[in-house]
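Line by line, the protein sequences give chains A and B.
No gaps in the numbering here: position 78 of the first sequence is 78 in the working numbering, and each next residue is one more.
No gaps in the numbering here: position 130 of the second sequence is 130 in the working numbering, and each next residue is one more.
It is worth saying that the hints were derived from the structure and are not from the lab.
Any given hint might turn out to be false.
Claimed, not checked - Label-pair distances were calculated between CB atoms; the ranges are:
#1 Ser-236/A - Lys-129/B: 34 to 42 Å
#2 Asp-262/A - Lys-183/B: 39 to 47 Å
#3 Asp-49/A - Asn-185/B: 46 to 54 Å
#4 Gln-88/B - Glu-494/A: 21 to 29 Å
Backbone N, C-alpha and C fix where the C-beta goes; we use that ideal spot for every residue, glycine too.
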Amino acid sequence: MLLEINEPGASEKQKNKSPKSDVAVGIDLGTTNSVIAISKNGKSKALGDEKLLASLVSYSGKKAVVGKKAREALVKRQDTVFRSVKKLMGKGIKDIKKISGWLPYRIHRSSNENMIYLDADGKKVTAVDISSEILKKLKKNAEKSLSKKIKKAVITVPAYFDDAARAATKDAAKLAGIEVLRLINEPTAAALAYGLDNNSEGIYAVYDLGGGTFDISILKMEKGVFRVIATAGDTSLGGDDFDHAIVMKAISDLNQKIEDEDELNLLLEQTKKIKESLTSKKIWKGKIKFKKKRFDFSISRNEFEDLINQDVKRSLKICLDAVSDSGLDISEIKGVVMVGGSTRIPFVRENVAKLFGQKPLTNIDPDFVVAFGAAIQAESLTRGEGTLLLDVNPLSLGIETIGGLVEKIIERNTLIPVAKSQEFTTHKDGQTGMKIHVLQGERERADLCRSLAHFELSGIPPMQAGIARIKVTFSLDADGLLTVSAREETSGKEQQIEVKPSYGLADKQIEKMLMDSYKNAKQDIFERLLSESRLEAQIMLDNLEKALESDGDLLETSERKAIDKAVAQLKAAMKGSNRDDVDIKAQELDKICSDFAEKRVNRALSDALRGKNVDEVVRSKNA
Amino acid sequence: MKKDVAAAANPSTYKMDYFKILGVEKKFDLDEAILEKNYLLLQNRFHPDRQVSASKNERIILLQKAKDINAGYETLKSPLERAEYLMQLNGIKISDRELSKNVDSKVLYESMEMRENLEITKDIEEVKKIESEVKNKIEKIYLELVNVFRNDDFKEAMRLLIRGKYLDKFLEECRLHKLKIQKENNAA
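Turn these sequences into a full structure, and let the hints steer you where they fit.
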């Protein structure tokens, strides 16, 4: 949770001599897409060739590819691709049962109650590993477009992320070689991007409808301070559902049946584009490729709206829940910020406008708005000026007292950093030790709160019960790291412990993963680039093989020979470990095939005139 | 930056009470606008996010200062906590357990009656009405506290503080009760 302080007179003179010249960026590590952005004087822009990087990671063999390339693999080799791993951050096998909806994960049998392992081509990977691959890719993309090394970032997380999920996100960054300046809440970042921190006081709603998840947050801005006062959401509601709805309609209109997941994925790719075009057009008319045939299909915006009506209404219901949770009236909300690609849909905007009785804020690209806010915050953190964001402690912290009750020491919503102490005493004559059980939560009974740590203060001089004075101090730093100390005041005996949020990956394991990646750093980059090139080449070869099967008769013997020769050369290069060689051979093959591709398109055209359908012409040309 | 470190590390300022840290007059009816203004000013200077060029040691000291500023601000911002803190500075410590022991029967009877009324209420507007009545009562306690603190009447201050704490807890119960009604209405 975050509070924000707006500093009106940010010292102008300091601006030019920023103390550290490190470049700091903002990262939106999303469930469906991820974005990296940089801010200069409060103006943000997204970085990289794939500005909207699909949060997809494909492991072919040992190394990972991310984004568009992983999406290509999704159609062909979906068993190597991971998506929506954000939902698994900081979770163990016992938590996953609570996640509703279909889960696209292949869970490795060695998973336990603290940690979920996923199966990547036989190799065990965690959500932290996969997220770190996405972060590495973002970092690389950004470094390429800035021609500068990036070391530091502000990363956004959902407001409802718990300590474990936040710790997991930080570890993923560490593995990617990124120092996290601060994790900030996504709705707060969106509000920052819209400059609501410069606005007058009021209550704001952030409506975030992404690919697979929906979140609503209510923020309160008061005397220059931002506070998240309520959040609600649905982890299985989003644009993907809308794509599915169009697929179902198409299948029923065309009187067809989907037989496997590959067919479904192929259709989903097409309906996603249809959905997007219905944002600006009133009707979509065209061909749908299915089972190597092309079908006429049309859908009007009204029909689309009927399909998604129920889902959109569900999101509105969740908004109402959040508003009532906050104890506010919906009329008290001063502005509504739209986040997530699905908020481009006019029907979504209209419904949100109707519910809140006002036009929502949409002038910043809803896919980038969160990353922009993070970038602005990163800029002000590196300069040590500008808008100061203050965290609050989201859950009360305390210790167990007699009878299994909880004595709260730092209440929830307390501004951090903070240190608070309370005095306790012994309850037995001659007692020389005191057990301290550190707890988190709002409940009065210790067994209903989350246990964070145990330690014992020993060596208390024997005294009558009630005489010893044991001062217990809870200290939270700006990142929410808790240190608990206990001190017997008459003797000066002291004991302290650092309480770290854990989620199954021990510090030692993270350390080892880091060391491993340093040790292999050179080898690493080399192997990664090589495997990326190999994967790309493999996709190309697979597509070509299909094309030759269906249209090989179009080729002269000499042409076919040239292609076969180029294929053999590429395959040989792929067996070797020279990445440039793979790339060059792939380019050569592509060039040789260009005539073939043109012939196939021509055939497809004439076949279409004769009423025949040819499959995947365009795709194979692109390959 | 150096000057800030010196101020924070100076032993004579280290044991400052919250009123001194936040630069407000040491009294119950302090100027809340000045408290707010000073808090933002101080946090802007001492918050760890502002220590871009500080050394590691400087950071540790400044962090302690930032913690004191936050703790002090939150203590002084809430009239009930402020009252409790003032009593503490005058050598009167009260723990939650003592509070429940020292409560007089009038206060207990009052809160029992209010709770019974709340339980049977099924109408949000009705709860809001109860809430505003309780808020008025708390406001009155604040006004009375101003006077008793002026006269250093800590015994009476204690009595008022305990009643205030009971009423404050009851407000939280009202909030939860409102949520319950809203959930029931939404489900229906």
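Consistency of the hints with the structure:
Distance hint check for Ser-236/A and Lys-129/B: the Cβ-Cβ separation is about 40 Å, which falls inside the suggested range of 34 to 42 Å. Separation of Asp-262/A from Lys-183/B is about 44 Å and conforms to the stated range, judged on CB atoms against 39 to 47 Å. Taken as a hint, the range 46 to 54 Å holds for the pair Asp-49/A and Asn-185/B, whose Cβ atoms sit roughly 51 Å apart. In this structure the supplied range 21 to 29 Å holds for Gln-88/B paired with Glu-494/A, their Cβ-Cβ distance being about 23 Å.
In the structure shown, no violation is registered for any of the earlier numbered hints.
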